[in-house]
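Number of protein chains: 2
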Amino acid sequence: MDFSSKLLENAVNEVSRLPGIGKRTALRLVLHLLKQPSDNTKYLSEALLHLRNDVKTCEKCHNISDTLLCDICNNPKRNPEIVCVVEDIRDVMAIESTSQFNGLYHVLGGKISPIEGIGPQNLQIESLVSKVEKGEVKELIFALSSTMEGDTTNFYIFKQIEKFEITTSTIARGISVGDELEYADEVTLGRSIVNRIPFEQSIRS
Amino acid sequence: MDFSSKLLENAVNEVSRLPGIGKRTALRLVLHLLKQPSDNTKYLSEALLHLRNDVKTCEKCHNISDTLLCDICNNPKRNPEIVCVVEDIRDVMAIESTSQFNGLYHVLGGKISPIEGIGPQNLQIESLVSKVEKGEVKELIFALSSTMEGDTTNFYIFKQIEKFEITTSTIARGISVGDELEYADEVTLGRSIVNRIPFEQSIRS
Ligand SMILES: [Zn+2]
Ligand SMILES: [Zn+2]
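Protein sequences appear in the order of chains A and B. Whatever position you read off the first sequence (first residue = 1), add 128 for my numbering. Whatever position you read off the second sequence (first residue = 1), add 128 for my numbering.
Okay, chain A solo, but in the shape it has when bound:
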């Protein structure tokens, strides 16, 4: 691209570093900002900077939070003995939007994927096992996506905690196999939580 402005070129380059945003799209977005009041660009930049610099990770569930303990973990009406294990914050948002779950979460931060070089040590598995070990948890609901990586991760965790007295379950597959949780509709996803099945039953089927 032949830019007539270094400032423009620089902005397009930075925007096109974002995943799925090519140079053309970046140029379109940046030219849009130029047509809008400068306050829009100010608010956008400030929102990104504030988030990146000030956001925290809940020290209990590893969810994204503005405080050391997230609103969910901090809520006395939630049942801390039921913990739903998810890959990332988008899954928390998806399940929360169903209003069908009253326990807490544990955000792993991904799933085991040898191809992407993600092993158990890169995920929040140790802190999960430690919660179980301390007897804080009575039931663990696996809500990872039903892909090979998701199943591997479920199984890896299950092997670590099966010696403890704990109920394990996976969310009922009302949602089709291979689908990402975050794209499931709320009703289906809500039902799959209510109808969760014992984890051991799920690996036999």
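No lab work stands behind these hints: they were computed from the structure. Honestly, I wouldn't trust all of these hints.
Which copy is meant is left open, so a pair is good if it fits within one copy or across any two.
[As the list claims (entries may be wrong)] Here are the simulated lysine-lysine pairs, DSBU-like style, with alpha carbons at most 35 Å apart:
#: 1; residue 1: K151; residue 2: K163
#: 2; residue 1: K205; residue 2: K170
#: 3; residue 1: K170; residue 2: K291
#: 4; residue 1: K259; residue 2: K184
#: 5; residue 1: K134; residue 2: K266
What you are looking at is a predicted structure, and each value in this text was computed from that prediction instead of being measured.
With chain A's structure known, arrange chain B with the ligands on it following the hints.
Chain B with the ligands only, in chain A's frame:
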């Protein structure tokens, strides 16, 4: 969406104001920034702010520029007597990338569109007519997209300048009718500039 963080919610809202970016995409982009070093977010924000606050519009051709007069208008090797009329800066970039044009540009800033409420007074038409009036221009090349709005704009300008002694042409339609200039391949677009035809001929055909 149920956000566990106001900072996150705010960032997603700001990003999703961009055209063609929904809430889900915005969330994906923002979570990506959280996984990257904080410098990436810093560079992105700074690039956008610098662009928005410091970029100028060339006072001669209305192209985006870092200086009062853009590099093209400022280049003594370019022929100021041939002016190519385009809708926006993306068209300048597209034509420059062909290396087939040695004149200057005149960026209208859009095209006449009654549906979108864009009239001649919203575009840089007066300054173009004034250039012609002063005898600065010998040839005007219309390079607007061949849509109804583009044709209307061409014709409106043509009516304003036909009384002056000036050659008018439109770029040869090697590129298919209805196509946007910026998506044309360089070779085709370059040829359509070299083979430009008199404007009067183009409205007769
Ligand atoms: Zn938490
Ligand atoms: Zn210029």
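Evaluated hints:
Taking the closest pair of Cα atoms, K151 and K163 come within 35 Å of each other both inside a single copy (18 Å) and across two copies (22 Å). Taking CA atoms no more than 35 Å apart as the test, K205 paired with K170 passes in neither setting, with 39 Å inside one copy and 39 Å between copies. For a Cα distance limit of 35 Å, the shortest separation of K170 from K291 qualifies neither inside one copy, at 54 Å, nor across copies, at 47 Å. Taking the shortest Cα distances, K259 and K184 sit within 35 Å of each other inside one copy (20 Å), while across copies they are farther apart (58 Å).
For the homomeric pair K134 and K266, the shortest alpha-carbon distance between copies (31 Å) is at most 35 Å, but the shortest distance inside one copy (59 Å) is not.
In this structure, the hints that do not hold are numbers 2 and 3, in rising order.
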